[in-house]
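Participant: Spelled out from the first residue to the last, the chains are:
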Amino acid sequence: MDLTITSIFYLALGLGVGVAIGLKERSSSPLNYLGKPLAAVLFWPLFVPLLMESDRQPLDAFERGMKSPLLVSDDALSQAIQQVEGELDAALDSLQGWADSNLVREQDRFLKLRVAWRVQAHRVRELDQLLSAPSFSAKNVSEPSNDDDKRSQLERSRNENIDRLKQVRDQQRHDLLTTIAWVRELVTMIHLAKYPGAPASRAEELVRQIATAIEGVGTTTLVQEAVS
Amino acid sequence: MPITADEDFVDDLEVIEPSRPASEFVRKFAADRLPSKQVQPTVVEPLDPTLVGITDAILKSPASLDKAITETGHSGQLVPRLLVVSLVGFLMFGIAMSLVFSSADMWPKLLPMKKALTTNLSDVMAFEHTPVGASRMTPWLNGQAFKLMTAYAIGLIGATCICLPSLYFYGLLAGVRMTMLDVVQNALKAKATTAIALVGILPVYAALALGVILFETSDFTRTAVFHFGLALPFIAGIAGCRSLYRGFGELPFEMPAARRVERTCFLRRLVLSWSVIFTAVSPVMIHELWALMN
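So the sequence lines, in the order shown, correspond to chains B and U.
Under this note's numbering, think of the first position of the first sequence as 27, with each following residue one higher.
Under this note's numbering, think of the first position of the second sequence as 2, with each following residue one higher.
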C-alpha cells in the first residue's frame with residue numbers, strides 16, 4: 027500500500043470524523059462550525075475522543091435541571107436538602123489543595139446527586155398531594171353484605187392500594203432522609219479526617235463514598251428524565 | 002534521627018518533582034515538620050479558554066491549564082485551540098527557517114529515507130546553494146518555503162497522533178485514571194508548550210544564523226548551524242515533555258496515596274520513554290512529508 031492509498035484512507039476517515047464533528051457543532055458559532063470539522067479532517071485522531079466523550083456534556087442540562095421550578099420548593103424536605111448542600115459545599119471547599127484531583131473528577135456525580143435529591147423530594151411531594159386528595163384520604167368502608175360481595179372486595183383492594191401508595195411514599199421519604207443523614211455524617215468525617223492530618227487518600231475515599239450516595243437515592247433514570 | 006525539612010527543600014523538590022501528588026506529599030511532609038511556618042496550598046486561577054488566555058496560561062500559569070484539562074466540559078474548546086496554538090508556533094518556526102535559508106542562498110535537498118538507506122545515508126538531507134540567477138524570493142515563490150512549513154506543522158502534530166495510543170497505554174501502566182480525551186488534551190498541551198518555547202528560542206537562533214550568514218563562514222559551519230536550526234523543535238520539546246509529565250501528575254491515580262510517590266517515579270520514566278519514541282518518530286515523519294512534497 028503506497029502513500030497515495032494511505033492518504034486516501036486517512037482523508038476518508040477524516041471526512042467521516044469531520045462530518046460528525048460538524049453535526050455536533052451545528053448549533054455553535056460559525057467559526058466552530060466550519061473550523062473544527064476542517065481541522066478534524068486533517069487531524070482526525072485528535073478529534074475522535076471528542077466524539078466519544080458525549081456523556082460528559084449533559085452537565086449543563088443538570089445545572090439547568092437544578093433551577094427547574096418543578097424541583098424548587100420551600101417545604102421541610104427542601105430545607106433539609108439545602109442544609110446538607112451547604113454542609114457538603116463547605117466540606118468540599120475545605121479539601122482544596124489537599125485532595126482536589128479526585129474532587130474535580132467527582133464534580134459531575136455531585137451535581138447528579140443534588141438533582142437526584144430534588145427529584146426524590148419532588149416525587150414525595152407529588153405523592154403527598156395525591157394522598158391528600160379527598161378521594162384518597164377518606165377510605166370507603168362499606169358494610170359487608172352478601173348481595174354485594176364483589177363490590178366490597180374491590181373496595182378492600184382499593185384501600186390496600188392506597189395503603190401501598192402510602193408505604194411507597196414513606197419508603198421514598200425515608201430513603202431520601204437516610205441518604206441526607208449519611209452524607210451529613212460523611213461530611214463531618216471529612217472535617218474529622220482533615221484536621222488530625224489524615225492522608226489525602228482518606229479524604230478521597232470519603233469523597234467517593236459521597237459520590238456513590240446517588241446510587242442510594244436510586245433515581246438516576248428519573249434525573250435523566252427531569253433534565254431532558 | 003528525625004527527618005527534618007526546610008523551605009529550600011520544598012522548593013528544590015518542586016523543581017525536581019513537578020507533579021501534583023508528589024508535590025502535595027512534599028508540602029504535607031514539610032508542613033508536618035515546620036509547625037511555625039504554614040505551607041499554604043497554591044491557589045489556581047481559572048483558565049480563560051480563549052487563544053490568548055491559553056497562550057497566557059502556558060507561559061504564566063500552567064497549573065490553571067492542567068486544572069481545566071482535569072475538569073469536565075472544557076475539552077470541546079481546549080482541543081481545537083491548543084491545536085491552533087501549536088500550528089501557529091510551528092508555522093512561525095517554518096517562516097523563520099525559510100527566512101534563514103533564503104538569506105543564506107542555501108536550501109535543503111532531501112532524499113526519501115527508503116532511497117537514502119539503499120545508497121548513502123548522508124544523502125538524507127544535504128544543503129545546496131540556490132541556482133545561479135535565483136533571487137532570495139525564489140523559495141517563497143516556488144513553494145519550497147511552504148513545503149518546509151507544512152512538513153514541520155503537519156509532521157509534528159501527525160507524529161503526536163501516531164504516538165497517542167502508546168501514551169494512553171503508558172499512563173494506564175503507571176496507574177493514572179484517564180480517558181483517551183485526557184491523553185489527547187495533555188499531548189496537545191505539551192505540543193502547544195513546545196510551540197511557544199520554540200517561538201521563544203527562535204530570536205536567539207535567528208541572531209546566531211544571521212551571524213553565520215553575515216560573517217560568511219565556511220559551508221561546514223553554516224550546514225551545522227542549519228541542522229541545529231532544524232532540530233530546534235526537539236530542543237524546545239523538553240518544555241513540552243515537562244508539561245506532559247506535569248499534566249499526567251494532575252490526573253487521579255488508581256492507587257492508594259502511599260504508593261503514589263513511587264508510582265510517580267515510574268510515570269516520569271514512562272513519559273520520558275514516550276518522549277524518546279516521539280523524538281524518533283517525528284523527524285522521520287517530517288522528513289518523509291517534506292521529501293514527498295519535494
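No lab work stands behind these hints: they were computed from the structure.
C-beta: ideal position from N, C-alpha, C; glycine also.
Don't take each hint at face value.
[Claimed, not checked] A partial selection of chain U residues facing chain B, derived with a Cβ cut-off under 10 angstroms:
#1 Ser76
#2 Leu84
#3 Gln186
#4 Leu211
#5 Gly212
[Said to hold, decoys possible] A short list of chain B residues far from chain U (calculated; beta carbon distances all over 10 angstroms):
#6 Leu37
#7 Val110
#8 Arg182
[As the list claims (entries may be wrong)] Which chain B residues face chain U? A few, computed with CB under 10 angstroms, are given here:
#9 Leu29
#10 Ala38
#11 Ala65
#12 Met78
Participant: Which numbered hints turn out to be false for this structure?
Facilitator: Hints 4, 5, 10 not satisfied by this model.
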